[in-house]
Amino acid sequence: MTRRSSGLLEATLTLAIAVAAIFLVSGNPYLEAVALLTATYAFISLGMYLPFIMGGALSMAYNAYLGLGAYAMALVATRTTWDLAWAVPIGALLAAAVAVVLGMATRRLSGFYLAAVTLLFGIAFSTWLVDAEALTGGSAGIQSLRAPSLDGQPVGNSVLVAITILAVWLVGLLLSRLRASPFGIVVRTQRRAAIAVESAGVRVSTLSLVTLAVGAMVAALGGSMFAVVNHAVLPESFVVELVFLTMFMPLLGGQDRPWGAILGAVLVVTFTFQLTFFKSTGSLFFSLAVLLVLVAAPRGILGYLLLGWNRLLGRTGGDSGMRGPR
Amino acid sequence: MTPPILDCRDVSKAFGAVRAVDTVSLTVYAGEVLGLVGPNGAGKTTLVDLIGGEQRPDTGTIHAAGRPLTGAPSRRARLNGLARTFQHPQVALDMTVRENMIVGLVARSMGSLGGMLRQLVRGMAGASDPGLDLEVDRVAAALGLEAIDRSCMELTLGELRLLEVGRALLMKPALMLLDEPFAGSDARGVSGIRSAIAEILKSGCGVILVDHNVDIVASLAHRIALLNLGAKVFDGSPRECLASTEMQSVYFGSDDGQAGGAE
Chain A
1 MTRRSSGLLE ATLTLAIAVA AIFLVSGNPY LEAVALLTAT YAFISLGMYL PFIMGGALSM
61 AYNAYLGLGA YAMALVATRT TWDLAWAVPI GALLAAAVAV VLGMATRRLS GFYLAAVTLL
121 FGIAFSTWLV DAEALTGGSA GIQSLRAPSL DGQPVGNSVL VAITILAVWL VGLLLSRLRA
181 SPFGIVVRTQ RRAAIAVESA GVRVSTLSLV TLAVGAMVAA LGGSMFAVVN HAVLPESFVV
241 ELVFLTMFMP LLGGQDRPWG AILGAVLVVT FTFQLTFFKS TGSLFFSLAV LLVLVAAPRG
301 ILGYLLLGWN RLLGRTGGDS GMRGPR
Chain B
1 MTPPILDCRD VSKAFGAVRA VDTVSLTVYA GEVLGLVGPN GAGKTTLVDL IGGEQRPDTG
61 TIHAAGRPLT GAPSRRARLN GLARTFQHPQ VALDMTVREN MIVGLVARSM GSLGGMLRQL
121 VRGMAGASDP GLDLEVDRVA AALGLEAIDR SCMELTLGEL RLLEVGRALL MKPALMLLDE
181 PFAGSDARGV SGIRSAIAEI LKSGCGVILV DHNVDIVASL AHRIALLNLG AKVFDGSPRE
241 CLASTEMQSV YFGSDDGQAG GAE
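Respectively, the protein sequence lines represent chains A and B. This note's numbering puts the first residue of the first sequence at 1, with every later residue one more than the last. This note's numbering puts the first residue of the second sequence at 1, with every later residue one more than the last.
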């Protein structure tokens, strides 16, 4: 199978799953709410995929990027008469700018220290959301966001959820293409052999900033969709615990492809919020599941499905036998 | 006479009280292999790091193709036509041989923020360039690297070194710094590196070949510079170098029984 036909198959198959999910939840407000929550987690997880899973830069400020997207949408919806579509690039660019500034301030840090400093920023951001009452509405947040409209008619929630699911699919597809592209190859190589990449002519610190900015934009997109569908934003939706839950999603779903991050989000929401049996112990169950996957199946669930598929086709390559985040 | 590709003048580097490189001057011309030999601790790798931009010299100047390179970061060295391999191979082991080699081909296009963003957009758009794969296939075949879609975890040390040479070759450099490419290589690896050097010279590139194995270096180099305790003690043809009293003194001990180097 050629690379082009393999890419087409991937796009078609994943689009079919996204469309099936839309049909499954459409018209049922409860399932739509579950789908929105899953999509929001998926956006954060996808946002972390490029800088963290591919590039190895563990920033913990994704609750802030999600919040920037959401509050940009809320402020545009309540304080301007602009088309709500403008809130998406505004939130994304704001998040990217914050990610770049934070990345520059922490450029000499890596590993635990980078995680610790960005975590502190994430905590400071959620505190600021409560404190900056004049702008953010404080602990009451911002309510009654107007619905987006098309030709003067308000767009219903079912359509918005469908758009959100399709947006998750599109981001997953773009990241999947990026991963296999020369850009993705250089990002993944610098994770393990930064000296070689630097001496080949790439400024690794700038590359890291670019990946952090793209990741922040993806998370902000999730925040914007979350706000517009809920018609409200609350500071408690953007606490740093979100990030702890999200960073393990690709480990559970599979790190080899961005789709693993989405699968991880689906599993986490299902086990943590949906199944009655796990409702009170969801987080504990999730922790144990991640531990089990890391020990017994380090490639994640999707990784093993892909391995089986490749074996079926008689392929070998770099995707075989690897361990740990890549 | 054509100017040298590399011109180092009185380059020094000290770590505390230890003078790792002591007022060394070197020139390398296009199509020339300069062998850099010396015992452990002679300063070979430090000198290569100074030229490659991994370290800054304390004193002295380095020019590549007439352009100043003294103390410039390794990226600048690359932009001035220098490519290098490392004493300890710098390879992403969890990726394929092809992927590691492609870095050499595309890194230059990502040398600026604009270039990175262009590659980012091209990557997301799914733009493919079959020419990249063909070029990697060609260089891998020239080096004798087989099955390049396998994981680097399956490679021997010799093959990892060949991969690094291949990656450097794909950068189409004017000067290649090969840091101990034969260390740990089996017969196939040695043969591959020899082919690689022949391939490099075909393109008019210069080579600095650093290795402990004086016999292999002498068989490949046009000129040899012998380092000892950070200083250059001999610079001449391989035949002259092997016969020199400096070589005898450094490797077999001087008249008073003192062997040079830190071995």
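Hints in this document: simulated from the structure, not taken from any laboratory. Hints are supplied without guarantee of correctness; some may be wrong.
Cβ-Cβ distance ranges computed for the label pairs, FRET-style [unchecked claim]:
# : chain 1 : residue 1 : chain 2 : residue 2 : range
1 : B       : Val121    : A       : Thr127    : 34 to 40 Å
2 : A       : Ala116    : B       : Gly66     : 43 to 49 Å
3 : A       : Trp309    : B       : Val121    : 28 to 34 Å
4 : A       : Ala105    : B       : Val121    : 25 to 31 Å
5 : B       : Asp58     : A       : Leu312    : 56 to 62 Å
Covered stretches of chain A (chain B as the covering partner; in silico rule of three or more C-beta atoms under 8 Å from a C-beta of chain B) [to be verified]:
# : stretch
6 : 181–190
7 : 216–226
Interface residues of chain B toward chain A, partial, derived using beta-carbon atoms under 7 Å [said to hold, decoys possible]:
#  : residue
8  : Arg9
9  : Thr70
10 : Val103
11 : Gly123
Ideal Cβ placement from N, Cα and C applies to all residues, glycine included.
Checklist entry - Looking at the structure, which of the earlier hints fail to hold? => result 7, 8 and 9
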